[in-house]
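> Sequence:
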Amino acid sequence: MSREQEEAPGAPALVAKYSVVRALAILGDAWTLLILRSALEGTRRFSDWQSDLGIPKAVLANRLDRLVEARVFRKTPAHEGGKRMEYVLDEAGLELWEPLAAIVRWSRHWQNPGNGATPLFRHTRCGHACDLILSCDTCAQPLSPFNTFAEPGPGQGYEQRVEPHSRRRANSAVRHGPEALGSPEALALFGDMWAPAIVASAFRGVRRFNDLVAYLQIPPLVLSMRLKELLAIGVLTRRSIEDSERYEAFHLTRSGLELFPYISMLAKWGDRWCDDGTGVPLVFHHRSCGHQYSPVYRCSVCGERISRTEIEFLDHSG
Numbered sequence: 004m005s006r007e008q009e010e011a012p013g014a015p016a017l018v019a020k021y022s023v024v025r026a027l028a029i030l031g032d033a034w035t036l037l038i039l040r041s042a043l044e045g046t047r048r049f050s051d052w053q054s055d056l057g058i059p060k061a062v063l064a065n066r067l068d069r070l071v072e073a074r075v076f077r078k079t080p081a082h083e084g085g086k087r088m089e090y091v092l093d094e095a096g097l098e099l100w101e102p103l104a105a106i107v108r109w110s111r112h113w114q115n116p117g118n119g120a121t122p123l124f125r126h127t128r129c130g131h132a133c134d135l136i137l138s139c140d141t142c143a144q145p146l147s148p149f150n151t152f153a154e155p156g157p158g159q160g161y162e163q164r165v166e167p168h169s170r171r172r173a174n175s176a177v178r179h180g181p182e183a184l185g186s187p188e189a190l191a192l193f194g195d196m197w198a199p200a201i202v203a204s205a206f207r208g209v210r211r212f213n214d215l216v217a218y219l220q221i222p223p224l225v226l227s228m229r230l231k232e233l234l235a236i237g238v239l240t241r242r243s244i245e246d247s248e249r250y251e252a253f254h255l256t257r258s259g260l261e262l263f264p265y266i267s268m269l270a271k272w273g274d275r276w277c278d279d280g281t282g283v284p285l286v287f288h289h290r291s292c293g294h295q296y297s298p299v300y301r302c303s304v305c306g307e308r309i310s311r312t313e314i315e316f317l318d319h320s321g
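Be aware that the sequence shown starts at 4, since it is given in this note's numbering, and climbs by one per residue.
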């Protein structure tokens, strides 16, 4: 057991219901991200993942079982009547193209500055290389952290905190960062439950160390480690605040604010696929049009809404 997994014994920690954290309990793992990225490129067989990624058999089996349970994959015979099984992306898995596209977009821009202006996508309907514009599904105008806000939804409340995957076991996956997400730092950021949860909490205005501990029920040692990492890659900055007392607050930098599409799409996926039957924990509103919204992508060239079947990821690895 690593130091960051050690916690004082006691009753299970309760956390505020938040679809982002629910989604991260499934997706916030480096090996899981690599498996999903390969799956979206067509990988279906256990042996192919193992040979391509060099992932230990037991770890791969564990991740695939979890993703089947989460309805991301469905397990099906490779051939009618055959014994060899394949893992096919189910509807929940296919919809993960939206947060994964946000990951790729942010990583290439902020972790590979030389390629930041190179288009990463092609909209097959209009035929142009393009960027993805996070937009309101009602008025079609762009969404940002500054023109949106959240209110408690019908599913608000508390639930038991889900334990994250061991980070130490996933460290061997980080060597695939450059080919998968642009850099090892990007895979370390997105392939983790806590780091994106801290970023998402900052978007909600939770910025003090003790407030983050209370809101996420994160062990203080783990929080300290993740904050150092987020500061090192320039996602957060530290500010000293003088109020009735002096304290330090952690604010999103420009690159941190650019994670808004990822957090938005993660919340959207979690709202649909991690629902406990009580409704969404948060309802999101677009100040510009005054409506409740669900985020969608639009093409930066033609302005039309982009669906999963109309997007191609352009390969700039060469």
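Read the hints as simulated data drawn from the structure, not as lab findings. Treat each hint with caution, since some may be false.
Stated by the list, open to error - Result set (SDA-like, lysine to any residue): computed pairs, CA atoms no more than 25 Å apart in a straight line:
id, residue 1, residue 2
1, Lys231, Gln159
2, Lys60, His82
3, Lys78, Thr121
What the hints assert, rightly or not - Have a look at the derived ranges for each label pair, beta carbon to beta carbon:
id, residue 1, residue 2, range
4, Lys78, Ala16, 49 to 59 Å
5, Ala153, Gly45, 31 to 41 Å
6, Glu154, Arg242, 18 to 28 Å
Values in this document were obtained by computation on a predicted structure and should not be read as measured data. Even glycine gets a Cβ: it sits at the ideal position worked out from N, Cα and C.
> Indicate, hint by hint, whether the structure satisfies it.
Evaluation of the provided hints:
| no. | hint | in the structure |
| --- | --- | --- |
| 1 | Lys231 / Gln159 | violated, 31 Å |
| 2 | Lys60 / His82 | holds, 23 Å |
| 3 | Lys78 / Thr121 | violated, 37 Å |
| 4 | Lys78 / Ala16: 49 to 59 Å | violated, 32 Å |
| 5 | Ala153 / Gly45: 31 to 41 Å | holds, 36 Å |
| 6 | Glu154 / Arg242: 18 to 28 Å | holds, 27 Å |
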